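A.B. asks: We have chain A; now place chain B onto it with these hints.
Protein chains in written order, with numbering that gives the first Met the number 0: chain A, 0 to 331; chain B, 0 to 273.
Any given hint might turn out to be false.
Here are the in silico distance ranges between beta carbons for each label pair [stated by the list, open to error]:
1) B:G156 - A:S302: 23 to 33 Å
2) B:H59 - A:S302: 45 to 55 Å
3) B:N251 - A:G71: 32 to 42 Å
4) A:E172 - B:H59: 15 to 25 Å
5) B:N251 - A:R40: 21 to 31 Å
6) A:R40 - B:G156: 29 to 39 Å
Residues on chain B that point at chain A, a partial pick, calculated with CB under 10 Å [to be verified]:
7) R65
8) R96
9) H107
10) S117
11) G119
12) G122
13) N123
14) V127
15) A128
16) M131
17) L133
18) Q157
19) W159
20) A165
21) Y168
What the hints contain is simulated information worked out from the structure, not anything from laboratory work.
Nothing here was measured: the structure is a model prediction, and the numbers come from that model.
Even glycine gets a Cβ: it sits at the ideal position worked out from N, Cα and C.
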Amino acid sequence: MSGTSVSSPSINIAPRATGDVRRVATREAYGEALLQLGDEREDIVVLDADLSGSTKTRAFGAKHPERFFNMGVAEANMMGTAAGLAAMGKTVFASSFAMFAAGKAWEQLRQSVCVPNLSVKICATHAGLTVGEDGKSHQMLEDIALMRVLPNMKVFVPADAVEARQVIRVAAETPGPVYVRLSRAATPVVLADEYQFEIGRGTLLRDGGDVALAACGVEVAEVLEAAEILAREGIEARVLGLASIDPIDGELIRQAAEECGAILTAEEHQVNGGLGEAVAHVLVESRPVPMHMVGMRGEFGQSGKAGELIAHYGLDGASIAAAAKDLIARKG
Amino acid sequence: MTLTDEQRTEIRETANEVRRDVIRMVHAAGCGHPGGPLGMADFMSTLFLAHLKLTRSNLHAADRDRFILGNGHTCAGYYALLAQKGLIPRDELLRFRKLGSPLQGHPHRNAELGIDFSTGSLGNSLSVASGMALAAKLNGWSTRVYSTSSDGESQEGQIWEAATSAAHYGLANLTVIVDFNNIQIDGVMREVMNVRDLREKYAAFGWHAVDVDGHDIDAVDAALCAAAAETERPSAIIAETVIGKGVSFMENQSGWHGVAPNDEQAELALAELA
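The following block holds chain A by itself, in its conformation from the complex (with noise of 0.2 Å):
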C-alpha cells in the first residue's frame, strides 16, 4: 500500500514536536495558561470546587485572590454563579473534574450559561480513563457527549499541553459556553509551540492514504504510535487531530474519507454520543466510509494505573494499530 500527498491549502498541518518526547498533563497547561490571561485581562474571574490544586487553578488564586472564588463542593452552584458573573460582564473560567462539571452541574451548564449563551468556559480536568486509580466514580468517560448535544456550547478536547494552552486562551477571546476537557496524567508533548489552534479547525498530524486515523485528547499519542507500528508494516494512515469536536473540521473529515476510503477514531470516553459520533455524522450526511470506533463500550471503567487502563481497554497504540488493519480490510 501506499500513501497518498495532501495538497489542498485549506487543511492545517500541524508542526510536529520534534526532539525527546516531554511528558506534561494538559491541566498544568490549563494552569500556566489561566494565569497568564489572569495579568492581561481584568475581566477574567477563575471558580473552583475544592479542587483547585488538583484542576491547577490555585496559582491564579494566588496571584489575583480578589478574582478567585473557591465555591466549595457545590458544583450546581458553582455553574449558576458563573452565569451570574458572566451576565455582568465577566469572562469566567470554572472548573472541577470532569466528572462533577459536566456530570453533576449538566443541568445548571444548560439552563443558566447554554440557554442564555454566556462567556462561561468550563476547564474539566480529570476526564476519562487516565484519572487512573480513583475508579470508575471518577472516570468521566461520558462528557463529551453531554457537552456536545448543548446548543451554544463549543467543546474542545485538546491533545497535549501546547494544544491545551492555545486552547485556553481562545476559549478566552471567544464569547460564549466553551468546555474544555482537560487530563490529569502526563501525557506526551506531541505538537511543536508554534502550533494555533483555530476554532473549527482539525489538524493534519501525519500524512497517509491508506487508512485514517483521527484522535482527541490523550488518543492523539494513541493514534500517533499505532501509525508508527502500521508504518513498520507498510501501511501509511494518515492522523488527524480533532481537538475542536463541536463545531468539528467536516472538511478535514471528507477528504480523509474520500482520499483513505476507511477512518477510525479513537477517544478516552464511550463510543455512544463522542468524537466517533461526531466523525459518523458529518460522513452519513456526505458520503459515508467504512468507520471503525475505539473507545469504551457500554461499560464504566475500574482502578489502575492509567497506562495499564488505556491497554486493558484496547486505546494504546498496538491496539489502534489492530483494529485499523481490521477497518483497511473492510474497505470497498
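C.D. replies: Positioned in the frame of chain A, the structure of chain B alone reads:
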C-alpha cells in the same frame, strides 16, 4: 424610609392592574400559571415601584439593579410589571406563551425588554443572582440584585448551596423574596414536602432573614429598606402570601397553580378585580 400615601396608592393600583393583566394573559394563552403571580402581585409591585432601579433610561447601564424571577412559572405578573414600567409593549402581553413572542412561558433573557435572566428550572436562580451580586461587589458598584424564590423551590438543594456561598462571600447587595403560600403543584407544601421555617433556615445560613405578610405593602417596603441597609449579609424576606389572591375562587387552591381560566372564569375574575 416609609412609603408616601401617593406611593401606597400607586403600588396598590399597580398590583390590581397586574392581577388583571395576569388573568387576561393566562386566559389569552389558554395555559399558564395564574395563582402564583396573583399572590405575588403586592410584594412584586412594591419591589418594582419603590426599590428596583430599572427604567427605560437606565436599561443598558451596566451597574443598574438586577432582578431574577427564580420561580419563573409566575412570569405573567413579572411581564405585566415590565409593561407597567414601559419596558414591554402592552400589546405584547396578550401574545404571552405564543409562537414567536419574546414573552416565553418561562422568562428568557432579553436585554431590550429588561428581562435580566432565563429561568424556569427551579433551584437555579439564587446561584445566578449570587453571581451577579458578586460581580457587582467586585466592580465596586452600588447595584442591588433581587431574586424571587418560593417555598416549593426551597425543596431544591441548590438553593441551600447558594444560600451558603452568598453568606460566605458577604453579598449584602443580594435580596431574595420567598413567596411562601404553602401551595405547590401536587398540593399543600407542608404535606408534599415540608420545608419548615425558612426564616430560621436562612438565618442559620448566615442571612439577615425576616418574615412578612406579603400582602402588606408597608411591611414589604420596610423589609426591603432593612435589606438595603445590610452591609455584610444577604437578605431573605419570607413573604407569606395567599395563592390566587384577589380572585375568590382561586385563593388557596393548588388547582389554580397552573391552569388557565375559561371565558366565564376570566370574566368573573376580572369583575372581582375591577
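A.B. asks: Against each hint, give a clear statement of whether it holds in the structure.
C.D. replies: These are the hints, each one checked on the structure:
no.	hint	in the structure
1	B:G156 - A:S302: 23 to 33 Å	holds, 29 Å
2	B:H59 - A:S302: 45 to 55 Å	holds, 54 Å
3	B:N251 - A:G71: 32 to 42 Å	holds, 39 Å
4	A:E172 - B:H59: 15 to 25 Å	holds, 24 Å
5	B:N251 - A:R40: 21 to 31 Å	violated, 53 Å
6	A:R40 - B:G156: 29 to 39 Å	holds, 34 Å
7	R65	holds, 8 Å
8	R96	violated, 17 Å
9	H107	holds, 7 Å
10	S117	holds, 5 Å
11	G119	holds, 7 Å
12	G122	holds, 8 Å
13	N123	holds, 5 Å
14	V127	holds, 4 Å
15	A128	holds, 6 Å
16	M131	holds, 4 Å
17	L133	holds, 6 Å
18	Q157	holds, 5 Å
19	W159	holds, 9 Å
20	A165	holds, 9 Å
21	Y168	holds, 7 Å
When the structure is compared with the earlier hints, violations turn up for hints 5 and 8 and for no others.
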